[in-house]
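A.B. asks: Numbering (our numbering), first residue to last: 53 to 266.
Bear in mind the hints are in silico, worked out from the structure with no lab data behind them. Any given hint could turn out to be false.
Simulated crosslink set (DMTMM-like; lysine to aspartate or glutamate; CA at most 25 Å straight-line) [to be verified]: (1) K174 / E163; (2) K227 / D188; (3) K227 / D194; (4) K174 / D133; (5) K239 / E255; (6) K239 / E177; (7) K239 / E171; (8) K174 / D142; (9) K239 / D197; (10) K227 / D238; (11) K227 / E86; (12) K239 / E205; (13) K174 / E205; (14) K239 / D160; (15) K174 / D160; (16) K174 / D197.
Taking CB as the label site, the calculated pair distances span [what the hints assert, rightly or not]: (17) R56 / G83: 26 to 34 Å; (18) H66 / P179: 30 to 38 Å; (19) E60 / A235: 37 to 45 Å; (20) G73 / Q248: 15 to 23 Å; (21) Q248 / P132: 29 to 37 Å.
All C-beta atoms in this analysis are idealised placements derived from N, C-alpha and C, irrespective of residue type, glycine included.
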Amino acid sequence: MIVRPVVEAYAEAHSTGEPPGLAALAEETRGLCEVPQMMVGPMQGHLLALLVGMLRARDVLEIGTFTGYSALCMAAELPPDGTLVTCEVDPGHAAIARRHFAASPYADRIELRLGPALEQLKSMEGPFDFVFIDADKQGYADYYDAVLPRLSETGVIAVDNVLQFGGVANPLDDKPDTVALRAFNDKVRDDPRVEQVMLTVREGITLIRRVRAR
53 MIVRPVVEAY AEAHSTGEPP GLAALAEETR GLCEVPQMMV GPMQGHLLAL
103 LVGMLRARDV LEIGTFTGYS ALCMAAELPP DGTLVTCEVD PGHAAIARRH
153 FAASPYADRI ELRLGPALEQ LKSMEGPFDF VFIDADKQGY ADYYDAVLPR
203 LSETGVIAVD NVLQFGGVAN PLDDKPDTVA LRAFNDKVRD DPRVEQVMLT
253 VREGITLIRR VRAR
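Make a model of the complete structure from these sequences and hints.
C.D. replies: Dropping the structure here:
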């Protein structure tokens, strides 16, 4: 977390609250998973939902389901004929997600694909109106290269954890994930095809879209 905990708590208290279904999923995730912090928080989940709603997205791709919290947030903003495809490599996490998807009002909008995302992407043409990347950090550059050509004309990519607890700004932090994220952030910054903004929400979220003619 980049922001001081007291400020984070204040911001969360002044954001729309967590629906009961998501609260139950969050509680189960904290009880069953070794790394529950991989789950997006209520405020971040609501941000993703707002983005999907404001973009009027119909086709959403998520790379990194974990236990399904973020997918459920985004699916709630899809139209009845919208689709969210979410990719997860861990069978245990996928099982929790599938159960909560099935119990939600959005089961018919969500398709969970089990297996490496890059393999799954080979059978997806897109275009996608919104893409959320929150998976293995050392794979971010490959995911970005794979999804950018599949992005719709007005589509947006959101990439999570780009600040890595602030480590990306510390040249002495040479942990593999930090090094990978630092290189990824530079890659996006230097890509003339896109424009982006890096937000200091939780561990950082970068929003990316294609450059538009002005």
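A.B. asks: Please go over all the hints and tell whether each is borne out by the structure.
C.D. replies: Hints, one by one, checked against the model:
Taking the CA atoms of K174 and E163, the gap is about 16 Å. The hint holds against a cut of 25 Å. With a C-alpha separation of about 14 Å, the suggested pairing of K227 with D188 holds against the 25 Å cut-off. Only pairs whose Cα atoms come within 25 Å are accepted, and K227 paired with D194 is accepted, the gap being roughly 19 Å. Between K174 and D133 the alpha-carbon distance is near 23 Å, which keeps this suggested pair within the 25 Å criterion.
Note on K239 and E255: the hinted pairing holds, with a Cα-Cα distance of about 19 Å set against a maximum of 25 Å. A hinted pair counts as satisfied when its Cα atoms are at most 25 Å apart, and K239 with E177 qualifies at roughly 24 Å. In summary, the hint linking K239 to E171 is supported, as the alpha carbons are separated by about 22 Å, within the 25 Å threshold. In summary, the hint linking K174 to D142 is supported, as the alpha carbons are separated by about 19 Å, within the 25 Å threshold.
Our distance criterion of 25 Å between C-alpha atoms is met by K239 and D197, whose separation comes to about 10 Å. Restraint check for K227 and D238: satisfied, since their Cα atoms lie roughly 17 Å apart, inside the 25 Å limit. Note on K227 and E86: the hinted pairing holds, with a Cα-Cα distance of about 21 Å set against a maximum of 25 Å. Restraint check for K239 and E205: the C-alpha separation of about 21 Å stays at or below 25 Å, so the hint holds.
Distance hint between K174 and E205 is fulfilled; the C-alpha atoms sit about 20 Å from each other, no more than 25 Å. Between K239 and D160 the alpha-carbon distance is near 36 Å, which puts this suggested pair outside the 25 Å criterion. About 23 Å separates the Cα atoms of K174 and D160, which keeps this hinted pair within 25 Å; it holds. Restraint check for K174 and D197: satisfied, since their Cα atoms lie roughly 13 Å apart, inside the 25 Å limit.
Between R56 and G83 the Cβ separation comes to about 27 Å, which falls inside the hinted range of 26 to 34 Å. Look at H66 against P179: about 35 Å separates their beta carbons, and that is inside 30 to 38 Å. One distance hint, 37 to 45 Å for the beta-carbon pair E60 and A235, is violated here, with the actual separation near 28 Å. Roughly 32 Å separates the CB atoms of G73 and Q248, a value that falls outside the hinted 15 to 23 Å.
The hinted range of 29 to 37 Å is satisfied by Q248 and P132, whose Cβ atoms lie roughly 31 Å apart.
Hints 14, 19, 20 from the list above are not met by this structure, while the remaining hints are.
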